[in-house]
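K.L.:
Each chain, written out:
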Amino acid sequence: MVILYQTVALFLLLTLVAGLWRILRGPTSADRMLAAQLFGTTAVACVLLLAQAFDCPALRDVALIFALLAAVTAIAFVRRAWTAGEQNNADK
Amino acid sequence: MLISEILTSLLLAAGAFFFFAGTVGLLRFPDVYTRLHALTKADNVGLGLMILGLALQADSWAAAGKLLLIWLLVLLASASVAHLIAKAAHQKGIEPWQR
Amino acid sequence: MAAMTLLPLLFDTLLGLSLIWLAWRALTSTDLFQAIVLFIAFGLLMALTWVRLDAPDVAMAEAAIGAGLTGALLLATLARLKANNKTKSAPEKKFSLLLTLIILPVVTGLVYVVLTLPQNTPGLAILVAENLKTTGVTNPVTAVLLNYRGYDTLLELAVLLVALLGVWSFGGVPKPHEAYSGPVLNMLLRLLIPLLIMVAGYLLWVGANAPGGAFQAGSVLGAAGVLLLLAGWQLSTRFAELPLRIILVSGVVMFTMAGIVFIVSGRQFLEYPPSFAGAFILLIEAAATLSIGITLAALFLGGRPGLRRHK
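Chains as they are written, first to last, in the working numbering: chain B, 1 to 92; chain Z, 1 to 99; chain X, 1 to 311.
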C-alpha cells in the first residue's frame, strides 16, 4: 500500500510540473493564476497521500492549511491584482 | 481487510486519472472559461475520489472526518473562486472561444 | 524492495529540480505578474519540500505565510504599482554578471558543506528529548521555541511589531477599493472566516503535542483578516485607536511578563517552573497568536489605520 501511495504521489507531482507550462504560456493573467490553483489542489492530494504513506497525521493539518490559503491567494488575485485598471491586452 | 485495500487502490487510481484529465484540460483547452471548467470540476472530483479512498484506510472517525472537511473546503473554495474569476474575465471583455 | 528507496528518490529529485527551475524563472521573468505567480508556486513546492524533510511545523508556516499571505501581499502591491507606472523591465547585463560572480562561489561552498556533512549526528536532539518532561509540552518544536529558546521567539515577536511600525511610518491607508463584493464572495467569506478562526484555535491548542503552535495559528488568523480586508471591510476608527494597539503589543507584553513573573521566586528571566510550564506556554501562545494574526492583517492594510493618506 505504501508503494501505491508513493507512486500516485509521484504521478501527481508530474502532473503538477506539467501544469507549470500554463504559467509561462497562458495569455491572460487568469490562466497563470489558474495554474497556481492547480498547484494548490494537487499539493493537497500529494500531502494527504504522504500522510498515509508515512503514517504522519500532522500532515493532514498541513493539507488543511494548503486548502484554506489557496482560496485566500485566489481571492486576492481577483479583488486586487486583476481589477485594478489592468488592460487584458497588456499581458502578452 | 483486503477488500478495503482493493477498493482504496481503485479509488486512488480513478482520482489520479481525474487529476491527469484536469491538467490536460488546463494545458489544451482554448480559453480561460473552459480551462476553469477543467480545473475546478476534474480536479475536485479527483480529489474527492482520492479522499474517499484514503478515508477507507483512516485510523479513526476523526481522521476520516478531517479528510472529508478538507474536500468540502476545497470544493467550496474552488467553486466560488471559479465564479469570481469567470465574472471578472467577462467584465474585462475576454471573449469565450468560438469554434 | 528497490521500489521503496527508488520512489522517494524520484519524488525528491523531481521536487528539487522543479524548485530550482521555478526560482530561476521567477527571478528572470520580465513580467512581474508572472514572477509573482511563479513565486507562489515556488512557495507551495517549498512547503511540500518541508513535508518531505520531516518538518510539518515549518511546512505549515511556509504554506500559510510563504505561499498564501506573501502571495496575497505581492498581488496587492503589484496592483498599486500598476496603477502608477509601467512595471516591465529587464535587468542590466553588467549587473547580472556581477551578481553571478558573487553568488556562484557562495553556492559552491554551500553545496560542498552540505555534501560533506557527517551522516548521523543527533546534535542536541538527545538532550531535548531527555528534558522534554520539564518543559510542559510534548512537541519538541514547541518546547524549543517557547521554552529552551524562549527569548529568540520573544525577539521575533518584537521584530514583527517593528516591521509593522515601519509600514505605519509610510502614512495613512491608501484609498480603499470601491469594487462591490458580490453575493458569492460574501457567502464564501461567511463560511471561510469562522472556519479560519476555528482552525487557528485548533492549531494553537494542538501545538503543545503535535505540529502546530502560535506562528501557524497566527498566520491562519492573519489570513482571515486579509480576507476581510479584500472584501472591502473597513476598520472602524474607534477600534483603530487604542484597542488595536493593545492587541498588537499583547504578544510581546505577555511573553515578557511571563518571563519576569518568576524572577521573584529566584528563577532566571524566562525560566518557568515545570509544574506551571504547560499552562504558561499556552497563555503566551494565545496572546502571540492574536498578536501575530492582527499584525499580519495590519501589514496587508498598508498604512496606519485611522489616518487617510493624501496622494
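Calculated directly from the structure, the hints in this document are not laboratory data. Glycine included, each C-beta is placed from N, C-alpha and C at the ideal position. Take the hints with a grain of salt, since some may be wrong.
[Said to hold, decoys possible] Taking lysine-lysine and the PhoX-like style, the derived pairs with C-alpha atoms no more than 25 Å apart in a straight line are: (1) X:K133 to Z:K92; (2) Z:K92 to X:K93; (3) Z:K87 to Z:K41; (4) X:K82 to Z:K87.
[As the list claims (entries may be wrong)] The calculated label-pair distances, taken between Cβ atoms and stated as ranges, are: (5) X:L9 to Z:L7: 25 to 31 Å; (6) X:L127 to Z:R28: 54 to 60 Å; (7) B:L14 to X:T134: 46 to 52 Å; (8) B:L14 to X:L110: 26 to 32 Å; (9) Z:F17 to X:T100: 39 to 45 Å; (10) Z:K87 to X:I20: 53 to 59 Å; (11) Z:K87 to X:R267: 45 to 51 Å; (12) B:V2 to X:L132: 40 to 46 Å; (13) Z:K92 to X:L132: 54 to 60 Å; (14) X:K133 to Z:S60: 52 to 58 Å; (15) Z:S60 to X:V249: 36 to 42 Å; (16) Z:A62 to X:P118: 25 to 31 Å.
K.L.:
A separate judgement is required for each hint: does it hold in the structure or not?
P.N.:
For each hint, the structure was consulted:
For the hint linking K133 (chain X) to K92 (chain Z), the alpha-carbon distance of about 60 Å lies beyond 25 Å, and the restraint is violated. Annotation: proposed proximity of K92 (chain Z) to K93 (chain X) is violated, straight-line Cα distance about 37 Å (limit 25 Å). As the CA atoms of K87 (chain Z) and K41 (chain Z) are separated by approximately 17 Å, the hinted pair is consistent with the 25 Å bound. Using a Cα cut-off of 25 Å, the hinted pair K82 (chain X) and K87 (chain Z) holds, with the two alpha carbons roughly 21 Å apart.
Here the CB-CB span from L9 (chain X) to L7 (chain Z) is close to 29 Å, well matched to the stated 25 to 31 Å. The hinted range of 54 to 60 Å is satisfied by L127 (chain X) and R28 (chain Z), whose Cβ atoms lie roughly 56 Å apart. For L14 (chain B) and T134 (chain X), the Cβ-Cβ distance of about 47 Å falls inside the hinted range of 46 to 52 Å, so the restraint holds. Checked against the hint of 26 to 32 Å, the C-beta distance between L14 (chain B) and L110 (chain X) comes to roughly 28 Å, which is consistent with it.
For F17 (chain Z) and T100 (chain X), the hinted distance range of 39 to 45 Å is satisfied, since their beta carbons lie about 44 Å from each other. Here the CB-CB span from K87 (chain Z) to I20 (chain X) is close to 37 Å, at odds with the stated 53 to 59 Å. In this structure, K87 (chain Z) and R267 (chain X) break the distance hint of 45 to 51 Å, their C-beta atoms being roughly 60 Å apart. A hinted range of 40 to 46 Å is violated for the C-beta pair V2 (chain B) and L132 (chain X), which are about 29 Å apart.
Remark: the range hint 54 to 60 Å for K92 (chain Z) to L132 (chain X) is upheld by a beta-carbon distance near 56 Å. The supplied range of 52 to 58 Å is broken by K133 (chain X) and S60 (chain Z), whose beta-carbon atoms lie about 27 Å from each other. Separated by about 41 Å at the C-beta atoms, S60 (chain Z) and V249 (chain X) satisfy the suggested range of 36 to 42 Å. The supplied range of 25 to 31 Å is broken by A62 (chain Z) and P118 (chain X), whose beta-carbon atoms lie about 41 Å from each other.
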